[in-house]
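Peer 1: Counted from 1, the sequence shown has number 89 at position 90 by numbering that gives the first Met the number 0; the numbering is strictly sequential.
Worth flagging that the hints you see were computed from the coordinates, not collected in a lab.
Watch out, some of these pointers could steer you wrong.
Straight line, CA to CA, 27 Å or less: simulated DSS-like cross-link-like pairs of lysine-lysine [unchecked claim]:
1) K42 with K2
2) K101 with K177
3) K177 with K42
4) K165 with K42
5) K110 with K42
6) K165 with K110
7) K177 with K165
8) K2 with K209
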Amino acid sequence: MYKEFYGLDEMPFSLTPDPRFIVFTPSYNEVLATLYYGLENAKGLIVLTGEVGTGKTTALRWILRRLDSSVLATYIFNPHLSVEEFYHQLTRSLNIQYWSNKADLMSILAKFLEERHHRGLRTVLIIDESHELSDEVLEEIRLLMNFESDDAKHLQIILTGQTELKNRLNQPNLRQLKQRVALRCQMHPLPDADEVQRYVTERLVIAGSKNPDIFTPSAIDFIFQCSGGIPRLINNICDNAMLAGYANGESVIGRSIIEEVAANLDLLPQNHVIQNHSTSTETSKQKVKILTDEAEQEFWQNQEKVIERKTIIKENDHERLNFFDDDRILEIEDTKTGY
Numbered sequence: 000m001y002k003e004f005y006g007l008d009e010m011p012f013s014l015t016p017d018p019r020f021i022v023f024t025p026s027y028n029e030v031l032a033t034l035y036y037g038l039e040n041a042k043g044l045i046v047l048t049g050e051v052g053t054g055k056t057t058a059l060r061w062i063l064r065r066l067d068s069s070v071l072a073t074y075i076f077n078p079h080l081s082v083e084e085f086y087h088q089l090t091r092s093l094n095i096q097y098w099s100n101k102a103d104l105m106s107i108l109a110k111f112l113e114e115r116h117h118r119g120l121r122t123v124l125i126i127d128e129s130h131e132l133s134d135e136v137l138e139e140i141r142l143l144m145n146f147e148s149d150d151a152k153h154l155q156i157i158l159t160g161q162t163e164l165k166n167r168l169n170q171p172n173l174r175q176l177k178q179r180v181a182l183r184c185q186m187h188p189l190p191d192a193d194e195v196q197r198y199v200t201e202r203l204v205i206a207g208s209k210n211p212d213i214f215t216p217s218a219i220d221f222i223f224q225c226s227g228g229i230p231r232l233i234n235n236i237c238d239n240a241m242l243a244g245y246a247n248g249e250s251v252i253g254r255s256i257i258e259e260v261a262a263n264l265d266l267l268p269q270n271h272v273i274q275n276h277s278t279s280t281e282t283s284k285q286k287v288k289i290l291t292d293e294a295e296q297e298f299w300q301n302q303e304k305v306i307e308r309k310t311i312i313k314e315n316d317h318e319r320l321n322f323f324d325d326d327r328i329l330e331i332e333d334t335k336t337g338y
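Start from the sequences, fold in the hints, and give me the full structure.
Peer 2: Dropping the structure here:
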């Protein structure tokens with residue numbers, strides 16, 4: 000929708016974790032260096048924590064894309080698994096099809112991982128939302144770390160999760176698993192408006208913008224206030240703001256649009272009062288609208304046509320509204336506005 004209006008090749012603020020749009024902030028650089036070091040040197044168990052939306056999945060995908068073909072990476076996204084379900088999902092992802100009991104499975108897994116290690120191949124298991132794993136599954140993860148030889152771990156595991164994962168690992172019954180953690184890294188939100196400015200600008204450039212100064216400094220400052228520096232929230236605010244700017248024909252997005260968008264997304268800072276950026280007449284013209292005046296007028300004209308086609312039918316002492324013709328098809332003329 001707004002790509003052409005702002006001169007973009009693709010959408011710059013998608014909520015999907017696309018590693019092509021990674022912005023190398025200090026926090027990202029530290030996490031990427033730790034992950035790469037751990038995987039390249041077969042360190043075993045790595046823990047990656049961070050608040051929701053700080054970019055943990057994006058960082059992992061960026062790293063895995065840069066590892067060579069000798070690495071087999073498998074994901075478990077659902078943490079709400081029993082021990083049996085956990086092993087079923089693990090073996091399916093490793094293409095291990097037949098096992099009768101846990102002892103049989105451990106023997107098959109040991110042979111599978113040892114053979115890959117001797118051939119110079121590495122196996123990585125990534126478990127997302129690990130802070131929600133049961134204690135029983137976490138204990139099985141500790142047992143999996145026993146697959147090793149004198150010189151290396153045969154299975155590398157990355158536990159990713161919210162900061163509650165730290166608290167889980169500090170529980171007395173999980174102290175043996177905690178001792179197995181070789182490396183820890185934490186993803187932090189962007190610390191200030193300057194980093195948010197760089198983040199927004201770089202994503203616009205990656206998306207093909209020749210003029211990435213679309214957001215004014217005051218808009219960027221308020222984006223930081225509303226998002227707390229969390230990239231996923233920044234993306235959501237910027238995406239909605241560019242849609243609103245496009246709908247209003249605004250080539251530059253100021254703070255007033257960000258305030259309207261943040262209010263719609265329920266992201267305004269606590270006790271915030273929306274500022275009056277202009278006279279009342281100007282404000283009424285600048286209010287963020289998703290539909291242009293022409294599109295809004297055409298929409299309501301079509302609604303009037305629908306209302307005219309209603310018939311009131313009384314049947315069995317109950318009134319009902321029939322919004323359709325006898326052929327049950329409601330025709331609404333196409334608009335030329337693109338909405």
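Peer 1: Against each hint, give a clear statement of whether it holds in the structure.
Peer 2: For each hint, the structure was consulted:
1. K42 with K2: Status violated; Cα separation ~44 Å.
2. K101 with K177: holds (24 Å)
3. K177 with K42: Cα-Cα ~14 Å, so holds.
4. K165 with K42: Holds, because 19 Å separates the two Cα atoms, which is no more than 27 Å.
5. K110 with K42: holds (20 Å)
6. K165 with K110: Measuring from Cα to Cα gives roughly 32 Å; hence the hint is violated.
7. K177 with K165: It holds: about 9 Å lies between the C-alpha atoms, which stays within 27 Å.
8. K2 with K209: At roughly 12 Å apart (the allowed maximum being 27 Å), K209 and K2 satisfy the hint.
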